[in-house]
Structure formats: structure tokens, C-alpha cells
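Knowing the structure of chain A, use the given hints to seat chain B on it.
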Amino acid sequence: MLWRERIGRYGYLAPAALFAASIALVPILVTFWLSFHRQMPIFGISRFVGLENYRFLLEDARFWNALGNTAYFAAFSVVLELGLGLTFALLLNRQFRGRAVARALVLIPWAVPNVVAARFWEWVYNADFGVLNYLLGIKINWLGDPLWALHAAILADVWKTTPFVVLLLLAGLQVIPEELYQAARIDGANAWQLFRHITLPLLKPVILLVLLFRTMDAARIFDLIFVLTGGGPANETETLVVYAYKLLYRTLQFGYGSTLSVAAFLFILALSLAYLHQLRRAWELRG
Amino acid sequence: MPSWQRLGVLLLLAAMLGFILGPFLWQVITALKPTAELGQLPPLLPSRPTGQHFSTVLGTPGFLRVFLNSVVVAGGTVLLVFLLSVPAAYALAKLGLRGRNPILALLLCLSMFPPIANVAPLYLLFIRLGIRDSLLAVVLAHSVYTLPFAVWILTNFFQEIPDDLYRAARVDGCSRLGVLRHIVLPLAVPGMLSVGLLVFVFSWNEFLYALTLTASESARTLPVAISLFPGVHEIPWGEIAAAAVLATLPTVLLMFIFQRRIISGLTAGAVKG
Numbered sequence: 019m020l021w022r023e024r025i026g027r028y029g030y031l032a033p034a035a036l037f038a039a040s041i042a043l044v045p046i047l048v049t050f051w052l053s054f055h056r057q058m059p060i061f062g063i064s065r066f067v068g069l070e071n072y073r074f075l076l077e078d079a080r081f082w083n084a085l086g087n088t089a090y091f092a093a094f095s096v097v098l099e100l101g102l103g104l105t106f107a108l109l110l111n112r113q114f115r116g117r118a119v120a121r122a123l124v125l126i127p128w129a130v131p132n133v134v135a136a137r138f139w140e141w142v143y144n145a146d147f148g149v150l151n152y153l154l155g156i157k158i159n160w161l162g163d164p165l166w167a168l169h170a171a172i173l174a175d176v177w178k179t180t181p182f183v184v185l186l187l188l189a190g191l192q193v194i195p196e197e198l199y200q201a202a203r204i205d206g207a208n209a210w211q212l213f214r215h216i217t218l219p220l221l222k223p224v225i226l227l228v229l230l231f232r233t234m235d236a237a238r239i240f241d242l243i244f245v246l247t248g249g250g251p252a253n254e255t256e257t258l259v260v261y262a263y264k265l266l267y268r269t270l271q272f273g274y275g276s277t278l279s280v281a282a283f284l285f286i287l288a289l290s291l292a293y294l295h296q297l298r299r300a301w302e303l304r305g
Numbered sequence: 188m189p190s191w192q193r194l195g196v197l198l199l200l201a202a203m204l205g206f207i208l209g210p211f212l213w214q215v216i217t218a219l220k221p222t223a224e225l226g227q228l229p230p231l232l233p234s235r236p237t238g239q240h241f242s243t244v245l246g247t248p249g250f251l252r253v254f255l256n257s258v259v260v261a262g263g264t265v266l267l268v269f270l271l272s273v274p275a276a277y278a279l280a281k282l283g284l285r286g287r288n289p290i291l292a293l294l295l296c297l298s299m300f301p302p303i304a305n306v307a308p309l310y311l312l313f314i315r316l317g318i319r320d321s322l323l324a325v326v327l328a329h330s331v332y333t334l335p336f337a338v339w340i341l342t343n344f345f346q347e348i349p350d351d352l353y354r355a356a357r358v359d360g361c362s363r364l365g366v367l368r369h370i371v372l373p374l375a376v377p378g379m380l381s382v383g384l385l386v387f388v389f390s391w392n393e394f395l396y397a398l399t400l401t402a403s404e405s406a407r408t409l410p411v412a413i414s415l416f417p418g419v420h421e422i423p424w425g426e427i428a429a430a431a432v433l434a435t436l437p438t439v440l441l442m443f444i445f446q447r448r449i450i451s452g453l454t455a456g457a458v459k460g
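Protein sequence lines, in the order shown, are assigned to chains A and B. Start counting the first sequence at 19; every next residue gets the next number (our numbering). Start counting the second sequence at 188; every next residue gets the next number (our numbering).
Looking at chain B on its own, in the form it has when it is part of the complex:
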């Protein structure tokens, strides 16, 4: 390749990374700036980086509470989705159900509804049940939203496990539940990890359900808290930046650690067809 072409590619790569990382890095820099320097440019970089905004945010009891809420909601959603989707996908992939294809088609349709389509009745229903403004309400909404997708992907993963294995175990006297536990689940661990990660990230990031189904700090998730951040008197840019960076850390870390699993989950079915 001629050198001018190589230079062009290099410049494009630099521009791409600049665009992708720029806003994120700018937020990190902002979070490290002393308050006095937030309202002036230049300098771009803080004269002396400070951890003051981070410690203020971490020292606010409300922030930790909300952070923990998000962990519970995302974790609870993953758990509930697994509890419901694993048996369903097992039935669809291995138990030879009649009406399997219509069920899968219905699933695909159901995975397309936007949250606005069911958020108002859910809100009214949860008020009546007395669970509005609870973590449970958010978990239920997040679970039902991700369930069709989880069943769909898991069915694909379970189908890749040879039917012969299933039949052999059954002939040997293993019950259906036994086959699920001892054969299907161990073989499907990578696929389940993909699904679990995607559900976790979705729940961590989701906003409309979390905003409408909660009212107080005791049930609020991180995105809702961050959307409500502006202070009473002046806008605390440094603290907002620190909170925003902290809210991003868990999912970005998960993404770096489990990059392969997340990619295979996102592209499952999409590319293979």
C-alpha cells in the first residue's frame, strides 16, 4: 500500500477514535477539574486534577443508595429473565412442542413493542397493586421487555446442542428437568452469559419505565437520578460529570471483560441468518 494511503487510513482511524472517545474523555476531564476552572476555557486540562467531585458524589448517601438500587434492579431482572426464559427456550428448542413456529413468530413480534405501548397501563396496574415506586415494579417491567429477546436467543443456543445428546440421556432414564440441568445448561453457559450481560446492560441503562414507575429515592435507578440532577441553585457541573462517569463504569467494565460474549449475543442470528 502506498504511504499516502496508509497515512489516510491512519488519519481516519484517529478521527474515529477522537469522535468516539472525545465526549467521554471530556467528561472525565471535567470531573477532575477544580470548581473554579469549570466556567472557563482555556485551559482545556485542569491545572491540578482534583478528586473533590468524585468524593462529593460518593459521599452523598443518596448516590450510593441509587447505585445499589440499579445493581439490585439489573441483577434481579437478569435472575427473573433466566428463571422464565430458560425453561421456555428449552421447551421450544428440545421438547418438540406443537405450535412452535407460531410461538416463535409471536415472540419476534412481541420483542418489537416500544415501552411507551405498555407503560401507562403498567403504571395504573402497579398503583392498584401497591407496588409502584418499588424496585420490584422496575424489575417486572424490565423483565417483560427483555424476555422475548432472551427466549429467542436462548432457543437458538439450545438448538445447537445435538438432539442425540438429549435422546441418549432420556433413554438412560434422565428426566426432562435432569437433561436441562445436567446436559443443556452446562453446554449453554457461553450463550447464557451473553444473554445475561445484554439484559443487565439494558436494565442498567433503561429510563422510561424507571422514570415513570418510581417516585422516591428508595426505588430510583441511576439514570433517573442523573436525569434529575440539576441542583436547586446552581448547576453542579463537576458533580454531574463525576456521577455520569461513575454510572458508566459498571457497564463499560463489563463490556471490556466480556467483549466477545456481548458481541456474540448481539450478532446471534443477525448475521448467520
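Just chain A, with the same shape it has in the complex:
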């Protein structure tokens, strides 16, 4: 094959590859590089400090607090989203009049920007004029009370992202052959048995995929919390990315801020690798 011919073919790939390398790949490597430096560009400070930042990270109580908040937020919101999403998907998979409309309406939160979703819920949670307190007939400072703030953020996240879960699960439900249910019904299986022994096993790969997408997304939560609480009260809702953002852009510590970014990145990477491992096993079992 002529070399021009080969170059021609790779030429189609080159612009995308160059772009991804220069705006994503190299900057990610630079983040690692920065994380070994004490770097405050505004003051002209830049020097190599080796693993100093990482040593500091391990002793930084605020980092551990943020890591704990992130893990708590991700675990709770993803579990709730999956439970609620499965319920909604099963409901919407039934035959009823107006199903198409219901399916469309359920997707609305997916199209709402995170920042706007945060504004919606901020107003619902408002301690003085909030509709939630009014409907419940109580007076709780949802976003200002350390006990409630993170849970309030979790509920807002569940609202925003459950539609995505519903969408994937519905698609998964629709490819399960109806004959399987008919055969099982003839054998006398009840509704719970149908769900337990047909729906759930066949849905497992999709469920794992949903868990992968959602966990990665929840672990890097920023905008929702940033607007709802700003990480407060007393850092009770501060997540890894919120903390990293504050270090980078409020205190302009590009070295230690990058160390935190790396920590957040590695945390998310570890989670997704664990899921991918499970996912591959699930696919292999299915053959």
C-alpha cells in the first residue's frame, strides 16, 4: 500500500486525535505534574516539592471530610436513584392510556441544567417561605442544618438524575422477550417470582451500566452542591470537587489544588474500574 494512501486514511482521524491530545490528554498530565509543585501563578511562586502535597493531603482533615461526604453522597443518591428508577420504569412499562405522555414528562428533569435544578430545590427548601416546610407543617432549615443539608442535596440529585436511570432501565425492559413471562405464567409463577427470576437477572447488565454511569457522575458532583449550599454549613456538604475548586480558584493554590483534583480523579477511576470488572463478568455470564 502506498504511504500516501495510508496517511490519507489516518488523516481523517488526525484532527480529532490532535484536539483530544492538546485539550484533554496533555492538560490531564499537566494536572499530575502540577500536583508535585507548590504553584501560585499570581504570586509567581512555582517550585517542585515532590510528594510534599500528597503527604499534606493525607493529614488534611478537610480532605477526608470531603472524601467522606462524596462517598456518602454518591452511595445514597445512586441507591435511591436505582430503587426509584426501577419502580418508575416498571410503572411506565405497563400498558395504560397516556403512557407516552407520562414517559415524556418523566424525562423533564434530565433536560434541566444542574444549576437550575439547584435553584428549584433551594426555593422548595427555603426555611422561611419554602413549600416543603409548608406542606409538612414543620420548620426545618434544610440547607442550613448540618444534619439535613447533605440529605437535601441528595434528594435534589435524585430528582435531577432519576429520569436518566428510568430511560436506560426502560430500554432494558423492552428487550426482554414477552414469551419468557408467558411461559413462566403457564408454569404458575406469581408476579414477584417473574420479577425475581426473569426481570432482575436479565436486567442485571443494564443495572450495572446504570450504576457505573451514575456513580461516576455522583462522585464528581459540583454544580448542584456549589449552588445549593456552597459546601456549607461548616463544610458539611463539601465534596472533593467543591474543595478542589475552592483551592484552585478561591485561594489560587494550583499545586495543592491539583493534588486534590488528582485524588478526585483517581477516586472516580477506581470506582469505575471496579464496576467495569463486574460488568465484564456479567456480560461473560450472559454469554
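No lab work stands behind these hints, which were simulated from the structure alone. Since the model is a prediction, treat every value here as computed from it, not as a measurement. Fair warning: there could be bad hints in the mix.
As the list claims (entries may be wrong) - Here's a subset of chain B near chain A, in silico, CB distances under 8 Å, partners left out: (1) A275; (2) A278; (3) L297; (4) A307; (5) V388; (6) T399; (7) L453.
What the hints assert, rightly or not - Derived coverage of chain A by chain B (criterion: at least 3 residues anywhere in the stretch with Cβ under 8 Å from a Cβ of chain B; other residues may be distant): (8) 141 to 149; (9) 175 to 184; (10) 271 to 284.
C-beta atoms are modelled at their ideal positions from N, C-alpha and C, and glycine is treated no differently.
Just chain B, lined up with the frame of chain A:
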């Protein structure tokens, strides 16, 4: 089905729709309330709906500017992503590249990085290039973030086009670019629409890049403006509500119009395996 069971399902459906639509409707109601009624409950509904908050927001030059910025950023991102991803996906799907599988694996890895992983170097780079606080900066960041996903999905869509069509056209003397233009692209329109919509919605909603790479109103996008909304003296709840509702309209409308395309884009590959 027994009637009590039917009633149960109906109640569950109502609860679901209440949860999903509640916060959104409450914001719409708030935006329609006269200022005097914002700080009191009851009544839940405005005594007389007013368009005052909407007209205040729409009458603010800053809001229109920022709205337009968001349109330009999301539109520009879709354009740039297509320009880069279509040829790349074409090469991966149809041109029989060596090293195709490692490239696809790398793409999948790259699509998983969180924005925080590259936002600080981008910020420093764009300052050096003198394009921080410009729409271009946001477009570049949004494009690179959605590019792996776009290439991945488009490769899947292009692969569904039979290789025989490609070979037949080549034998007939059509150039590679000609096949892309006259055969692959027309057949891949639905798939491209899906990708374009998802990229648009992502860019419209994205916050971290838009927040850090812009500083002034001339480059600010809607989510950033809405996050910065609180007034100097008292919080203008009515106007925030109106702005929030307006910021949601474009993507919600797109979702209703192109629901099928968006769903097929989101579930492409995920369910078929």
C-alpha cells in the same frame, strides 16, 4: 387485574409525576406570583398571575446577552464536535485502520475523565493564549469533553451502514470523501441528530468549565449567570424563578420535540451491548 391493584398503580403513577413535576411547577408558580405574595404561604397559588418577573428578566440586557452566549457556545460546540468526530468515526468504522480497537479503548477511557482533571491546566493555558473569558474558551472545553463520546456513538452508527455500499461506491470511482458525503452522511442523519442533541444539551447545562473559564458578562453562559444571581440587597426570588424557567425552556422543548432521537442516543450501545 383486581381494581384495588389498579388503584395502587394509579396512585404510584400520580406520586411519581408529583415528585418529578412538583419542583418545576412550583418554580413556574413562583415566577407568576406578585412580589408581595412571594414571602407568604398560604396561598399556594398566586391571587392573580403576573408576567412582571418574566418581563423584568427579559428586559435586562444582561440576560439576553447571556442567553445568546449560551446559544453560541452550545451551537459552536455541536459544530466543532461534528467537524472533528465525523471524519474520525468514519475512519474508525469504514476505513479499516490498524490499531482500531486500542483507539476505541482509549476513547472509552478518555470519556471517563471528570472536568476537574483538566480544568486547572486549561485555565492556565487559556490565560497564556489570551482566550480566557471568551466564548471560544468554553467551546473548546465543552468540545473536548464531549468528543470521545461523540466519536464512540458515531462509530457505532456508521458501522451499521453495510460495508458493501462502501465498497460498491469505491469501485464505481467515488473517493473516500465522496463516499462519506454522498452515502454515509445521508444514511447516518438520525444518529447524528441524536449526538448533536446530546452535545447541545450537555453544553447548555455545563457549569464547572463555564464558571472557571469566563469572568465577565460578555462570555458568561446561562448556568453561570443563574448561579451568580443573588442581588446586592435582597434576593429577587421572583426574577430568579423566571430566569430559571426561561433557562430550562430550550432544552426541555428540544427534549419534547426530539424525544426519540435523544433516547436512542442515550441508550445506544448501552442496552444492545
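These are the hints, each one checked on the structure:
With 8 Å as the threshold, the beta carbon of A275(B) comes within range of chain A, its nearest partner Cβ sitting at about 4 Å, so the hint holds. The restraint placing A278(B) at the interface with chain A holds, with a minimum CB-CB distance near 4 Å, inside the 8 Å limit. Because the closest C-beta pair between L297(B) and chain A is about 6 Å apart, less than 8 Å, the hint holds. The criterion of a C-beta within 8 Å of any C-beta in chain A is met by A307(B), whose closest approach is roughly 5 Å, and the hint holds.
A distance limit of 8 Å between C-beta atoms decides the matter here; for V388(B) the minimum to chain A is near 6 Å, and the interface restraint holds. Given the 8 Å rule on beta carbons, the hint for T399(B) holds: about 6 Å separates it from the nearest Cβ of chain A. Proximity of L453(B) to chain A holds as hinted, the smallest CB-CB distance being about 6 Å (cut-off 8 Å). Counting residues of the stretch 141 to 149 of chain A whose beta carbon lies closer than 8 Å to any beta carbon of chain B gives 5, which meets the minimum of three for the stated coverage.
With 4 residues bearing a CB less than 8 Å from a CB of chain B, the stretch 175 to 184 of chain A meets the requirement of three and the coverage assertion stands. Interface restraint, the stretch 271 to 284 of chain A with chain B: holds (7 residues with C-beta to C-beta distance below 8 Å; minimum three).
Every hint from the earlier list agrees with this structure, and none is contradicted.
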